[in-house]
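A.B. asks: Each chain, written out:
Protein chains: 2
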Amino acid sequence: MIQVVAKATVKEEMKESYLEKAFELIESTRNEEGCLSYELFQDIKDPGIFTFIEKWEDMDHLERHFNTEHFRRIVPLLKDMRLSSDLNIYSLVK
Amino acid sequence: MIQVVAKATVKEEMKESYLEKAFELIESTRNEEGCLSYELFQDIKDPGIFTFIEKWEDMDHLERHFNTEHFRRIVPLLKDMRLSSDLNIYSLVK
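In order, the protein sequences belong to chains P and Y. At position 5 of the first sequence (counting the first as 1) the number is 5 in this note's numbering, and the numbers step up by one without a gap. At position 90 of the second sequence (counting the first as 1) the number is 90 in this note's numbering, and the numbers step up by one without a gap.
For reference, chain P alone in the conformation it holds in the complex (with noise of 0.2 Å):
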């Protein structure tokens, strides 16, 4: 199993349309093959940083996400409205 965490502070006057394009990307996402959970968390303190939390049954499956037309449509427009950005890939220890 994978774990991503793809963390990101949203510029505040693009809030409304960066939730509006993850839904979109969320609910592709959660139809794909080998995707196990694909969450959008706000952070309790700090309402610009969203981050999305998500589990895959293995490598392949991710790479074949990065590869999707969604993710290659609309990954890139998330991009444009953030201040910065920070992606982990993770393998479960314990």
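These are computed hints drawn from the structure, not numbers from a lab. Among the hints, erroneous ones may be present.
As the list claims (entries may be wrong) - Chain P side only, calculated, beta carbon under 10 Å to chain Y, not exhaustive:
1) S17
2) L19
3) K21
4) C35
5) L36
6) E39
7) Q42
8) D46
9) I49
10) F50
11) M59
12) N88
13) Y90
Unchecked claim - Calculated lysine-lysine pairs in the DSS-like style (CA-CA distance at most 25 Å, straight line):
14) K21/P x K94/Y
15) K15/Y x K94/P
16) K45/Y x K45/P
17) K45/P x K79/P
18) K11/Y x K21/Y
19) K21/P x K45/P
20) K79/P x K94/Y
21) K55/P x K55/Y
22) K55/P x K45/Y
23) K11/P x K15/Y
24) K79/P x K45/Y
25) K15/P x K94/Y
26) K15/Y x K45/Y
27) K11/P x K21/Y
28) K79/Y x K21/Y
29) K55/P x K94/P
30) K21/Y x K45/P
Don't be surprised by glycine CBs; every beta carbon is placed ideally from N, CA and C.
Guided by the hints, dock chain Y onto chain P, whose structure is given.
C.D. replies: Structure of chain Y alone, referenced to chain P:
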């Protein structure tokens, strides 16, 4: 539901001791009321990065966790073995 992501870069020479203490923390924490999941992950590209990803029923249970004997005893030991750390507490958007 509350999601916690606690990311740390661990000192190279401390990795083994860090995992030993982290495993003790995991065992005790998983028995706490309100703890839905509590897992430790390692970054697949940077093996010095270890991240706890946790699900809690609500903030009350998370705050009770911060005051348990095991948290107050073990977390300061873990902090001494880290080069840096980053904690986010999240609520679910979607």
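A.B. asks: Enumerate the violated hints, using their earlier numbering and listing them in ascending order.
C.D. replies: 1, 3, 4, 5, 16, 23, 27 and 30
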